[in-house]
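Engineer: Spelled out, the chains give:
2 protein chains.
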Amino acid sequence: MKLLEEKIIHDGKVFEGNILKVDSFVNHQIDVKFMNEIGKEFKRLFDGEEITKILTIEASGIGIACIVAQYFDVPVLFAKKTKSVNIAGDVYTSKVESFTHKRTYDIIVSKEFLHENDKVLIIDDFLAQGSALCGLIKLIKDAKAEVVGAGIVIEKAYQEGGQLVRDMGVRVESLARIKSMGVDGSIEFIN
Amino acid sequence: MKLLEEKIIHDGKVFEGNILKVDSFVNHQIDVKFMNEIGKEFKRLFDGEEITKILTIEASGIGIACIVAQYFDVPVLFAKKTKSVNIAGDVYTSKVESFTHKRTYDIIVSKEFLHENDKVLIIDDFLAQGSALCGLIKLIKDAKAEVVGAGIVIEKAYQEGGQLVRDMGVRVESLARIKSMGVDGSIEFIN
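Protein sequence lines correspond, in order, to chains A and B.
Sequential numbering from 27 applies to the first sequence in this note's numbering.
Sequential numbering from 27 applies to the second sequence in this note's numbering.
Only chain A is shown next, with the shape it has when bound in the complex (with noise of 0.2 Å):
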């Protein structure tokens, strides 16, 4: 998405240690208008796919899920993280490790919202390690509902979470995929 790659160069920063920021827009504060032509972009590439639900993980994605969900007409169901589990046994749960914030936790959503009939999209804004989005398709895997695709905002396609999701046979699709970037500032982008 031409649009995103523009705007991830003129407002996102690098900096060390493979960390890309995009809080001006994504992260901290939202455009909402732009993210109206994120969600017009998720529209167009899942078009024509039954879905019931989007699945997305606080607190960054819920945001951008909710304005995507009013393209497809269905509720936004946020996974929640936990320090620990100790809830009854009325949700799905499973590990997501932070590489950023290196600590592992657990995610959880509740069984009451989460159906083996639902046909359920998730919403993310990053895509690298892939365990968040590994997190979200077991949830869904666990509920025996069905997995239509991945739709992210922006992933680092040079680390190996978008291989190892597409090689589980999930349809992931990434607006904007980087190759690479540099501190001084410099992003390339895969077309």
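Rather than coming from a laboratory, the hints here were simulated on the basis of the structure.
Please note: incorrect hints may appear among the correct ones.
Identical chains share a label here; the pair holds if one copy fits it or two copies do between them.
Computed cross-link-like contacts, DSS-like style, restricted to lysine-lysine with a CA-CA straight-line distance of at most 30 Å [claimed, not checked]: (1) Lys-33 - Lys-106; (2) Lys-59 - Lys-33; (3) Lys-69 - Lys-167; (4) Lys-128 - Lys-59; (5) Lys-59 - Lys-137; (6) Lys-47 - Lys-107; (7) Lys-47 - Lys-170.
These numbers were taken from a predicted model, which means no experiment stands behind them.
We have chain A; now place chain B onto it with these hints.
Structural biologist: For chain B alone, kept in the frame of chain A given last:
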């Protein structure tokens, strides 16, 4: 807002310890179509006010704020929760006490995204003791920006937060104001 009161009565669940769960359309699953009705209502209430930014707090607030922001055509900024502030002096911070989770945490917003000339509408899902709302107001005041008001989805009007914030001279508009609720599921509203 009659529609919201009906939805709370229909879908909300009251638990021991003054807990109202609206997980089916606000706090876990988000009914995006319904949130658009919420957005229209806040637009009606704050119409004519100059607003440059919507401020909320992660996580549940983000989805609501993004949908509402579309009616005001402004970006959303969400305060992040952190356990301890060890970030450089480029953020505004305040302390928030969570009565539900019985802990205190810091919230931060980057100075980059909150400026002296901003006119800020706060949007949040719940108002009870008012700690989160007071924390958000402090962030705005620290930035020397203007607090236009606070749009709250559900106010527990029998708790002191609403009065506390209104006494500070801040305009608070709550779409449903709960007068009392019981574990039998009964919920009374203030009209």
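Engineer: With reference to the structure, classify each hint as holding or not holding.
Structural biologist: Structure-based check of all given hints:
1. For the homomeric pair Lys-33 and Lys-106, the shortest alpha-carbon distances inside one copy (29 Å) and between copies (23 Å) are both at most 30 Å.
2. Taking the shortest Cα distances, Lys-59 and Lys-33 sit within 30 Å of each other both inside one copy (13 Å) and across copies (28 Å).
3. Within a single copy, Lys-69 and Lys-167 get their C-alpha atoms as close as 23 Å, which meets the 30 Å cut-off; across copies the closest is 40 Å, which misses it.
4. Proximity of Lys-128 and Lys-59 under a CA criterion of 30 Å is satisfied in neither setting, with 33 Å inside one chain copy and 37 Å between copies.
5. In this assembly of identical chains, Lys-59 and Lys-137 lie within 30 Å of each other by CA distance solely across copies; the values are 22 Å between and 33 Å within a copy.
6. For the identical chains of this complex, Lys-47 and Lys-107 are neighbours both inside a copy (21 Å) and across copies (18 Å), given an alpha-carbon limit of 30 Å.
7. With identical chains, the CA atoms of Lys-47 and Lys-170 are at most 30 Å apart between copies only, with a shortest distance of 26 Å across copies and 35 Å within one.
Against the hints set out earlier in the document, a violation occurs for number 4 only.
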